[in-house]
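Q: Sequence:
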Amino acid sequence: MVELQALNYVLQKKDSSFFRNYNICDDEFQTYHKEYKYIKDFIDKYGVTPDITTFTETFKDFPVTDVVDSPEFLSDKLLLEGNSAISIKTIGRALQLFREGKQKEGIAEVQLAPSKLISSVKKKPVNITDDT
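Using my numbering, the first residue of the sequence shown is number -11, and each one after it goes up by one.
The hints are simulated quantities; they were obtained by calculation from the structure and are not laboratory data. Do not take every clue at face value.
As the list claims (entries may be wrong) - With beta-carbon atoms standing in for the labels, derived distance ranges:
no. : residue 1 : residue 2 : range
1   : 90        : 40        : 47 to 55 Å
2   : 88        : 58        : 25 to 33 Å
3   : 2         : 75        : 30 to 38 Å
4   : 89        : 57        : 43 to 51 Å
5   : 101       : 2         : 33 to 41 Å
6   : 34        : 98        : 36 to 44 Å
7   : 21        : 61        : 16 to 24 Å
Cβ coordinates follow ideal geometry from the N, Cα and C atoms, glycine included.
Please put together the full structure from these sequences, using the hints given.
A: Next comes the structure, spelled out in structure tokens:
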């Protein structure tokens, strides 16, 4: 659900900086990967976020919803859900290897798990006009 919210946030707010400011990448979009890639490629090519109409011409079944959550919340939730999906896949692969009697490979899969997780280091937007 948060993938849908994040994409709708970017489209509605026309906030092309959301992905960059919060270090959001394609790893965090398991369900809406093609939609994320379309928006990201559009921003990279044209420097702006696609209009919702332009976007939904390509993705006719994309559910357009109102989003009121903050970009900070959305990015934190994307990170959590992305890491959960990666963890589930990794555990599943390791379990399968153990069932096949491939203990060394299963252990290696588990040991590599931390390197597969999405970095929790995020760039927080900074207002350079604030006096602090």
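Q: For which of the previously enumerated hints does the structure constitute a violation, in increasing order of number?
A: 2
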